[in-house]
Amino acid sequence: MADNQILIRVCLGTSGKAADGEKVISLFRMHIQRHGLDGSVQKRCVVKKVGCRGLCSRDLLVDVIIDGRQTTYQNVTPSMVERIVQEHLLRGNPIDEWAVKEDYAEFTSRQYKIVLGPCGVIDPENIDDYLKMNGYRALKKALTTMTPEEVIKEVKRSKLRGRGGSGFLTGKKWEICRSQPDKTRYIICNVGEVNRALAEGNPHAIIEGLIIGGYAIGASQGYIFIRERYHLSVERLKKAIKQARERGFLGENLFGTSFNFDITFSFGTEAFICGEETALMECIEGKRAMPRLRPPYPAEKGLWGKPTIINNAETLSNIPIIIGKGSEWFSTIGTEHSKGTKVFTLSGKIKNNGLVEVAMGTSLRTIVFGIGGGIEGNRKLKAIQVGGPSGGLIPYSMIDMGLDYENLQKMGSIIGSGGMVVFDETDCIVSVAKFFMEFLQRESCGKCVPCRLGTTRMLELLTKITEGRATMKDIEALERLSAIMSTSSLCGLGRTAPNPVITSLTHFRDEYLAHIRDKHCPAGVCRALITYTIIEDLCKGCGVCLRKCPAKAITGERKKPHVIDQSLCIKCGICFQSCKFKAIIKE
Amino acid sequence: MKKRMVRCRINDIKVEVPEGTTILEAARAQGIYIPALCYHPKLSVTGACRVCLVEVDGVAVVSCATPVEEGMTIITNSPYVEELRRDIIDLILSDHPYDCMVCQKAGDCELQELAYFYQIRYPRFSGRKRSYKTKDGNPFIEREMEKCIQCGRCVKVCDEIQGVCAIDFAYKGFELKVCPPFEKDLDCEFCGQCVSVCPTGALVGKDWIPKGRQMNIKQVDTVCPYCGCGCNITLHVSRNEIIRVTSKPDTLNEGWLCVKGRFAYQFVSSPERLKKPLIKRNGRFEEVSWDTALDFVAQRFKEIKDKYGPDAIAGLSSARCTNEENYLFQKFLRAAIGTNNIDHCARY
Numbered sequence: 001m002a003d004n005q006i007l008i009r010v011c012l013g014t015s016g017k018a019a020d021g022e023k024v025i026s027l028f029r030m031h032i033q034r035h036g037l038d039g040s041v042q043k044r045c046v047v048k049k050v051g052c053r054g055l056c057s058r059d060l061l062v063d064v065i066i067d068g069r070q071t072t073y074q075n076v077t078p079s080m081v082e083r084i085v086q087e088h089l090l091r092g093n094p095i096d097e098w099a100v101k102e103d104y105a106e107f108t109s110r111q112y113k114i115v116l117g118p119c120g121v122i123d124p125e126n127i128d129d130y131l132k133m134n135g136y137r138a139l140k141k142a143l144t145t146m147t148p149e150e151v152i153k154e155v156k157r158s159k160l161r162g163r164g165g166s167g168f169l170t171g172k173k174w175e176i177c178r179s180q181p182d183k184t185r186y187i188i189c190n191v192g193e194v195n196r197a198l199a200e201g202n203p204h205a206i207i208e209g210l211i212i213g214g215y216a217i218g219a220s221q222g223y224i225f226i227r228e229r230y231h232l233s234v235e236r237l238k239k240a241i242k243q244a245r246e247r248g249f250l251g252e253n254l255f256g257t258s259f260n261f262d263i264t265f266s267f268g269t270e271a272f273i274c275g276e277e278t279a280l281m282e283c284i285e286g287k288r289a290m291p292r293l294r295p296p297y298p299a300e301k302g303l304w305g306k307p308t309i310i311n312n313a314e315t316l317s318n319i320p321i322i323i324g325k326g327s328e329w330f331s332t333i334g335t336e337h338s339k340g341t342k343v344f345t346l347s348g349k350i351k352n353n354g355l356v357e358v359a360m361g362t363s364l365r366t367i368v369f370g371i372g373g374g375i376e377g378n379r380k381l382k383a384i385q386v387g388g389p390s391g392g393l394i395p396y397s398m399i400d401m402g403l404d405y406e407n408l409q410k411m412g413s414i415i416g417s418g419g420m421v422v423f424d425e426t427d428c429i430v431s432v433a434k435f436f437m438e439f440l441q442r443e444s445c446g447k448c449v450p451c452r453l454g455t456t457r458m459l460e461l462l463t464k465i466t467e468g469r470a471t472m473k474d475i476e477a478l479e480r481l482s483a484i485m486s487t488s489s490l491c492g493l494g495r496t497a498p499n500p501v502i503t504s505l506t507h508f509r510d511e512y513l514a515h516i517r518d519k520h521c522p523a524g525v526c527r528a529l530i531t532y533t534i535i536e537d538l539c540k541g542c543g544v545c546l547r548k549c550p551a552k553a554i555t556g557e558r559k560k561p562h563v564i565d566q567s568l569c570i571k572c573g574i575c576f577q578s579c580k581f582k583a584i585i586k587e
Numbered sequence: 588m589k590k591r592m593v594r595c596r597i598n599d600i601k602v603e604v605p606e607g608t609t610i611l612e613a614a615r616a617q618g619i620y621i622p623a624l625c626y627h628p629k630l631s632v633t634g635a636c637r638v639c640l641v642e643v644d645g646v647a648v649v650s651c652a653t654p655v656e657e658g659m660t661i662i663t664n665s666p667y668v669e670e671l672r673r674d675i676i677d678l679i680l681s682d683h684p685y686d687c688m689v690c691q692k693a694g695d696c697e698l699q700e701l702a703y704f705y706q707i708r709y710p711r712f713s714g715r716k717r718s719y720k721t722k723d724g725n726p727f728i729e730r731e732m733e734k735c736i737q738c739g740r741c742v743k744v745c746d747e748i749q750g751v752c753a754i755d756f757a758y759k760g761f762e763l764k765v766c767p768p769f770e771k772d773l774d775c776e777f778c779g780q781c782v783s784v785c786p787t788g789a790l791v792g793k794d795w796i797p798k799g800r801q802m803n804i805k806q807v808d809t810v811c812p813y814c815g816c817g818c819n820i821t822l823h824v825s826r827n828e829i830i831r832v833t834s835k836p837d838t839l840n841e842g843w844l845c846v847k848g849r850f851a852y853q854f855v856s857s858p859e860r861l862k863k864p865l866i867k868r869n870g871r872f873e874e875v876s877w878d879t880a881l882d883f884v885a886q887r888f889k890e891i892k893d894k895y896g897p898d899a900i901a902g903l904s905s906a907r908c909t910n911e912e913n914y915l916f917q918k919f920l921r922a923a924i925g926t927n928n929i930d931h932c933a934r935y
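As you go down the protein sequences, you meet chains A and B in turn. Quick note on the working numbering: the first sequence kicks off at 1 and runs consecutively. Quick note on the working numbering: the second sequence kicks off at 588 and runs consecutively.
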């Protein structure tokens with residue numbers, strides 16, 4: 001950026017849009033125009049929309065960069081725009097009270113952003129922004145100076161593994177696909193939940209990766225599989241494809257070679273199972289999303305019976321980086337068998353909710369307490385669910401574990417969707433496991449017996465435990481069901497579905513036993529196991545609880561101790577919260 | 588091109604099969620039994636029931652979908668897989684009505700057989716069961732979807748063999764259900780192929796209930812009388828009444844039948860069925876002997892031919908006749924009557 005310039009970057013990802021981002025942009029433009037008519041500001045000022053930079057809980061985030069000095073404002077609302085323009089833009093005085101504090105630096109400095117790097121910096125709807133950041137240069141390099149085999153070799157050397165699912169080596173998968181005798185091949189990019197920020201923040205990287213992948217395996221047709229509900233991702237990807245086509249990055253005879261490539265969209269339905277490769281292909285073919293049997297693997301016989309590669313958007317976004325900077329550089333990041341970085345969605349009981357990218361092998365402690373800023377209300381961390389609903393619960397005691405494929409597998413978890421949910425001491429582990437099982441039971445396609453009935457029976461058992469109706473036999477049944485499902489289910493969904501149960505039974509068995517033997521929920525979450533009682537000595541008989549109780553379960557004369565009728569109590573907790581004298585206890 | 592042969596060991600028996608043969612096929616060819624509920628030799632592989640698990644190098648794999656590889660060591664009956672199988676059948680039974688005592692399929696039910704084999708009196712896993720209030724109103728096929736184990740055989744036979752695609756899966760997970768579009772009543776050609784492949788009592792002939800199950804049934808192999816195709820059928824006879832028609836898989840029609848062959852057998856014992864010729868005399872039908880009837884017909888043909896010429900007579904033959912009968916019929920009209928006025932219902 002040239003000196004003497006003012007750059008304003010407004011986050012316009014899904015979350016930024018929800019935080020009135022569009023209005024803020026137009027207000028900035030309006031105020032600049034009004035105040036800058038003398039030419040001092042307007043001419044040198046650029047207002048730009050950018051993708052999500054991760055910290056969605058502070059949206060709307062706005063960067064103001066004057067002559068290279070950057071100030072980031074958080075929680076910006078339309079009413080704040082005028083003052084920012086007046087004081088910062090016109091007079092050059094940043095408004096410190098609105099700017100991000102030190103914790104923002106903490107959030108960003110510990111991350112290793114290579115895939116998410118351009119998100120929040122470039123305008124995702126402007127191909128020139130991407131080109132300025134060496135965009136499509138890797139594509140040119142691959143097509144004009146490398147053979148497809150060399151591209152595969154380079155990706156293999158980088159040891160890049162699929163970002164999601166089982167973490168198969170991407171280069172190896174490409175090689176298998178390329179070696180198939182059938183010359184019609186396809187490459188599919190799956191844009192899942194975690195990849196939305198990529199599609200919204202830097203769609204061209206996905207497209208570039210997809211084209212290079214197509215070149216490597218010898219496919220001339222690429223698909224982008226995305227849920228129709230991700231409107232903004234779809235819109236930005238569509239714009240990016242259009243721009244890429246106009247600049248000659250898509251179409252026939254790319255860069256003067258004989259390589260042709262184009263991309264079409266395929267819209268998925270609202271189904272978790274569509275993340276499973278073979279179910280995804282069924283879906284593109286217009287069939288019911290149910291997984292196919294393996295073998296044959298998709299790389300041998302996939303979409304329309306042709307050799308097919310399915311990579312998710314994050315994996316493909318890594319490709320231009322690997323080709324551009326070289327596999328050697330890439331493989332300096334990460335651990336021995338897990339190279340590069342991984343994007344996680346950090347959520348739950350944590351201060352900084354958001355999207356983070358860290359080098360493989362980064363410890364959970366760094367992520368949770370460094371980047372995440374620690375637990376809400378400084379409560380005690382209990383466990384972290386890594387890898388989405390079918391990941392595993394990792395207890396606090398293992399927080400120094402480095403995150404990579406091997407360690408997660410050892411822990412009975414997966415990288416999966418890259419989800420990361422933090423639970424603290426106020427969370428009941430059995431309820432957490434039940435929550436995930438509820439989701440998986442709903443999302444099971446129902447094709448195979450272990451998953452269809454296993455998830456159903458598991459959910460019933462977990463419900464029984466949270467309601468205090470379970471016996472020790474039910475724990476045995478849970479363990480047996482876990483074993484059946486993980487060994488004999490048809491696809492990855494069923495095989496990984498018991499993970500939350502297995503890991504919680506391993507690390508938090510006491511909590512299960514407390515529910516079953518003592519009929520007690522240690523975290524005080526399971527309604528059926530809580531009792532509210534009034535301590536006679538402390539009750540002043542003010543009558544507040546009596547009036548507020550929706551079930552009319554509390555009786556007592558004024559100024560005399562009240563009593564809760566347990567048979568009527570619905571355990572809503574209103575009395576507990578409303579008692580000023582702390583005379584009601586929850587057990 | 589001759590297929591390459593691969594060798595493997597199944598339960599310590601050396602086996603050599605053409606490349607691409609699945610473990611299940613290889614084992615069954617050796618007489619080694621592997622239970623399976625969704626597998627059907629004439630349909631594409633589904634791999635949904637997971638009952639056909641076998642152990643290959645310590646790992647459980649589904650034998651119906653895994654091709655034999657060179658040097659594979661396969662164990663079909665290790666305690667590990669037997670226990671897995673048992674528990675999977677247990678899971679299926681946990682969502683299955685316990686009404687074998689009144690089920691049409693009892694004694695001929697693949698699930699019942701496996702429950703017996705693994706001695707599952709009460710399932711170890713239990714819980715919610717599916718229940719469907721609305722029943723189908725069609726005249727041929729009784730669908731009791733509570734008994735459906737979602738193996739998908741019916742869906743596949745309808746698509747792959749019959750080419751009708753009248754049914755498919757709807758909903759997902761526990762609620763998964765095989766049904767016609769929009770859960771309407773079944774309104775297809777009612778060939779009943781789905782009934783013939785259903786492993787449980789979910790699909791049975793409506794007219795079969797409660798005429799008799801598989802016990803004390805006399806089976807009579809014969810040829811379907813309906814058309815010239817000559818499908819082989821097996822009549823199930825109980826108390827001197829045909830109560831069901833099936834077809835065996837090793838016949839020229841490979842066990843497949845159409846709606847008429849499978850469901851329209853009731854005419855055999857109909858009281859309205861003509862068994863002797865009738866001649867109308869003085870406005871009333873009178874029973875006569877075959878000789879009398881044939882003489883009468885021959886005499887009338889002759890009279891018509893003499894008076895109006897042979898072209899006053901025309902013959903229309905039936906698809907229910909065999910090729911030989913049809914040949915004789917046209918020969919009779921051309922040579923004996925002397926006319927070319929001959930046609931056949933199958934032409935329309």
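In case anyone wonders, no lab produced these hints; they're calculated from the structure. Yeah, the Cβ is synthetic: ideal placement off N, Cα and C, and Gly gets one too. Please note that the accuracy of each hint is not assured.
[Claimed, not checked] Below, a list of computed lysine-lysine pairs in the DSSO-like style, where the Cα atoms sit at most 27 angstroms apart:
1) B:K835 x B:K805
2) A:K17 x A:K239
3) B:K835 x A:K306
4) B:K771 x A:K287
[Unchecked claim] Not everything, but these chain A residues come out facing chain B in the computed CB check (under 7 angstroms):
5) C45
6) K48
7) S444
8) L453
9) T487
10) S488
Task: Structure versus earlier hints, numbers of those that do not hold, lowest first - done: Numbers 3, 5, 6 - these are the hints that the structure violates, sorted from lowest upward.
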